[in-house]
Amino acid sequence: MDDLTNENMMQVIESAEAIRQGHAQLKRPYYAANLFFENSTRTKSSFEMAEKKLGMDVISFDAQTASIQKGETLYDTVKTLEAIGVDVVVIRHGEDRYFDQLEGRVKLSMINGGDGMGHHPSQCMLDLLTIYQDYHTFKGLKITIVGDIQHSRVARSNAIALKRLGAAVQFSGPLDWMDPELMQIGRYVEFDEAVEKSDVLMMLRVQHERHAFGMTFSKEEYHAQFGLTAGREKRMKAGSIIMHPAPVNRGVEIADELVECDRSRIFKQMSNGVFVRMAMLQFVLQQREALKHEFVN
Amino acid sequence: MDDLTNENMMQVIESAEAIRQGHAQLKRPYYAANLFFENSTRTKSSFEMAEKKLGMDVISFDAQTASIQKGETLYDTVKTLEAIGVDVVVIRHGEDRYFDQLEGRVKLSMINGGDGMGHHPSQCMLDLLTIYQDYHTFKGLKITIVGDIQHSRVARSNAIALKRLGAAVQFSGPLDWMDPELMQIGRYVEFDEAVEKSDVLMMLRVQHERHAFGMTFSKEEYHAQFGLTAGREKRMKAGSIIMHPAPVNRGVEIADELVECDRSRIFKQMSNGVFVRMAMLQFVLQQREALKHEFVN
Amino acid sequence: MDDLTNENMMQVIESAEAIRQGHAQLKRPYYAANLFFENSTRTKSSFEMAEKKLGMDVISFDAQTASIQKGETLYDTVKTLEAIGVDVVVIRHGEDRYFDQLEGRVKLSMINGGDGMGHHPSQCMLDLLTIYQDYHTFKGLKITIVGDIQHSRVARSNAIALKRLGAAVQFSGPLDWMDPELMQIGRYVEFDEAVEKSDVLMMLRVQHERHAFGMTFSKEEYHAQFGLTAGREKRMKAGSIIMHPAPVNRGVEIADELVECDRSRIFKQMSNGVFVRMAMLQFVLQQREALKHEFVN
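Residue numbers (my numbering), protein chains in the order written: chain A, 1426 to 1722; chain B, 1426 to 1722; chain C, 1426 to 1722.
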């Protein structure tokens, strides 16, 4: 996200909206490969759909059996794909800023599908698009991010981008889970205050992997203290919306019956993910001069 | 299969025959995903071929790395695929009637690729098509299903559908492997009587996983008592045919040299599998009013 | 490679060159499946790209979950794919001459993607094409293959084919790693002599799996004795080239900074792999009379 100006972000949002209402198609086949060194079926499927809707061919890549397991560097893996004719790679990798070793050294286009605990630009862009569809602006919106702020790349990217676009970002959830650095971007608020005064409630997934329930909280305790219950939903501001990056722990972050309620944008976020990724693919391909005129809009 | 009337079944058979002789193609791209929570390469490849022959794009789905492993429900997984734009899912799942939790709650089209020990409609339909190609009717045909009736979803679905279509269904094989419930549909016959008097012999796979040979039977003993040997094949009724859902244990259910003999329809069943699955995909898509006119026949 | 005459080889090379400069496309969809029973992402991706560039549809095949794991024979697996409509299979298998059990028994087209320690024709053809692009002939070229000759299918296939095409083949590397049989094709030379007098240096990968460094050589010792160092590169014959089948152990077979130097054809070999595989696919499909006119060149 750091590479994008505010204008770039608005350009991706507007182009995603245009794609959603019409369509975008490449004039001839281009080749994409999705290098997911961390599991994330949801993000991978969404990129694959975006690539196919643009008319790209997708070359399958299985990180488990790749030569990288024999000690090949990420650079050599990507360079190999470039050599066989891949035009764009989407990479998700556990290492923070893995892309530093690739930038300026390869000719194909790259999209970051998530790195370590750092960035997750396509998730961030789809969240921005979803908010934009409701409010048509970010200026002055009160947006509260709730949950495990410290370990969430979504929280970090979103907080920074939303602040840059003019929103008032706040954080809520267990105090121990806050991120001291992000506290310079927005203040901590009690959850019940957040529920009543926010335009957007962005609930984060509680990662069982990280927080063994029973240790700090039982599922029931978390839901009672920091979960969106039916009672809290009734106290939400008129017109305000609920977001969640999914998969949802039903009955923990959000009551089961609220996941598809009127205020919920959760499945809409997933649909928007495809449009945003199409726009991002178009964006990186168009940065290569020769590909500028390859799109039929 | 319970959802299909006899007319529906004949409609699928006739449309599979039409597809086999000509072709069917969707006018614009549709998106399919194959959710195989149980391994079945054969069925999965066949559906994938059917989808591609119809002109669909297939979004890859790896059940091993899916969010369902993090506790996501099947409903949320399917709903996610719907949200990203998948038009039809084929699901194979170890749980009986897994589809009950989905029916009426999702907008995309679904095909059951096999559930628990219950149903396996596409296998059933391809068996029906194969018989129909030889006899052009089911009325009065003597059809014997041989082997592990009790643990076979193929046996169950086929027996019920064939009986409904007017065939005389019989069972043979080790007495311990019979299914008391299915005995209301047809009687038990000695294997040598079945060999001589059946129009169709449907041999089932002996599942090594389930029946450790050496415990009840050695492979040789099973072959001698319930296997189709060269000697038995010679005593089969004129014009009668041999079927098997595959993979065959050569030299157990069927003598090696009979697998591709004149009476054998085993590889033809596999070819028919693709046509039937194309017809089923067409069938479910056409049930969505808006898609009725999307096929070029 | 044994099946190909010298004329066949030149035909594949010339058709790969034509494809590289123009393109080849099938007039209607054909279906390919890549059966990789041994991991080799590089070769598999390259074949997949070749198939897609020809306009083929690729049916996914996962060797780990295939019925072959339940004891199905390779013949039945291939015959199944033929039955569902696959036109061409590419097979990589750990067993030497696995294809003997298939030849003449199946109707679809087959390409050997590597068998046991025996053959790896597409790697061989891409190496030939790469040399041909520089020298436009093989006659009289001095070509030295360096490294673990004994365990390399690349070394074996290349040595035989290059000799047949008129090149003077030599071998270098640790004496213990030489292959007595291949010594009838070419002589052993000291590495420093090879560096100075060869037109082509084909470096082989040191397989950590096989040669635990520290036992025979440390990485540093191997590099000092048999590796292409910056110093050695300076003493190479004018116009001579460096090849390697990849993945390279940077700093072992070749100094890190030489992998992409002017003399290196390493990434060009990978690009050529796609063109050669397209030519091979075209070659086997055209051997089936009915498919001869299906290509738009």
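The reader is advised that the hints may include incorrect statements.
Which copy is meant is left open, because identical chains are indistinguishable; a pair holds if it fits in one copy or across any two.
Calculated pairs, DSBU-like style, for lysine-lysine (alpha carbon to alpha carbon, straight line, at most 30 Å) [what the hints assert, rightly or not]:
{"#": "1", "residue 1": "Lys-1477", "residue 2": "Lys-1452"}
{"#": "2", "residue 1": "Lys-1532", "residue 2": "Lys-1477"}
{"#": "3", "residue 1": "Lys-1622", "residue 2": "Lys-1495"}
{"#": "4", "residue 1": "Lys-1495", "residue 2": "Lys-1693"}
{"#": "5", "residue 1": "Lys-1693", "residue 2": "Lys-1477"}
{"#": "6", "residue 1": "Lys-1495", "residue 2": "Lys-1644"}
Hints were generated in silico from the structure; no laboratory data involved.
Next item on the list: Starting from the hint list further up, note which numbers the structure goes against and sort them upward.
Entry: As far as the earlier hints go, only 3 is violated by this structure.
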